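J.: What follows is each chain in one-letter form.
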Amino acid sequence: MAKDASSGTTSLVSRPVVVEGEISGEENLHVDGRVKGIIRLAGDLFVGTSGVVEAEIDARSIVIQGAVTGKVLARRQLEVQPSGRFNGEATAASYEIRQGAVFEGISRMLGSAAQNAKPSAPAGPVLEK
Amino acid sequence: MGFFAKDKPETAASDAVRSDSDTAFFGAKLSIKGKVTGSGNLIVMGKLEGEVDLAGELVVAAPAVLNGEIRAVTLAVSGNVTGTLTAGEKIHLEKSAVVVGRMNTPRLSVVEGATFNGEIAMKKPADSADPSKRTDKK
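If you're matching them up, the sequences are chains A and B in order.
Going by the numbering used here, the first sequence opens with residue 428, and the numbers climb by one from there.
Going by the numbering used here, the second sequence opens with residue 74, and the numbers climb by one from there.
Hints may be right or wrong, so weigh each one.
Unchecked claim - Pairs of lysine-lysine residues, derived as DSBU-like cross-links and limited to a Cα-Cα distance of at most 35 Å, are as follows:
#: 1; chain 1: B; residue 1: Lys163; chain 2: B; residue 2: Lys108
#: 2; chain 1: B; residue 1: Lys106; chain 2: A; residue 2: Lys463
#: 3; chain 1: A; residue 1: Lys463; chain 2: B; residue 2: Lys163
Derived from the structure by calculation, the hints contain no laboratory data.
For clarity, every value in this text was computed on a predicted model and none was experimentally measured.
Required output: the full structure, derived from the provided sequences and hints.
T.: Below you can see the structure in the form of structure tokens.
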């Protein structure tokens, strides 16, 4: 999957909608409803305050205002906003955990070994900034 | 820095069909396998394989390819659907629609140019109001 393939289109799982299964594609996705299963996106995932996601996720950047549970890969950044709750196993190139956010589980840095030119933070749990 | 629009999703490629934020939207480059349920309106432009059960209006817009069992209160199709379509109120096939399968609906409209291969069953609206026959209601 190409890293910058996002066309700028954002799909929306609105508040009264539930998707169970696999969502994939070269778009951004905004979830205000519920998604259970697998999410694979070339673009970004945004989980709104009413959004509940239980899934294995692979996306460019992930912004969480609602609740996310699962194994998550953010190729660029994982951001948990003050209203956001994350529970699971995360791998990301960078993290932003806001004050008030809940982050429970494991975090790993993506490409912390060799491929990054700039020095990156050590692997391990990331706390509030 | 805003790598992401915080308020509302982009409307590129979908200005014509977007309305309010209660309308779910699956873009042309999105593919879904599984089950979509709920209420409100849904516009699909991408691929969907599986089951849709919606207490609202489903719009299958032009580049969309759906395969499976589709239930909604009203269904408007201008894309490609293979499977069973069941509407509580009505089904409308636009000119560019290509439907293969079965349609169950009390009311049907088809624009000249639409392609349909399969069976149609039309219940009277009174029948579809019978709770034992309603599938789109929770």
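J.: For B:Lys106 and A:Lys463, compute the direct alpha-carbon distance and say whether it is at most 35 Å.
T.: Distance of about 12 Å is within 35 Å: holds.
J.: Measure nothing beyond the straight line between the CA atoms of A:Lys463 and B:Lys163; if it is 35 Å or shorter, mark the hint as holding.
T.: Given that 35 Å is the threshold and the Cα spacing comes to 30 Å, the pair holds.
J.: Given the hint that B:Lys163 pairs with B:Lys108, does the C-alpha gap stay at or below 35 Å?
T.: Judged against 35 Å, a Cα distance of about 22 Å means the pair holds.
In terms of the numbered hints stated before, the structure departs from none.
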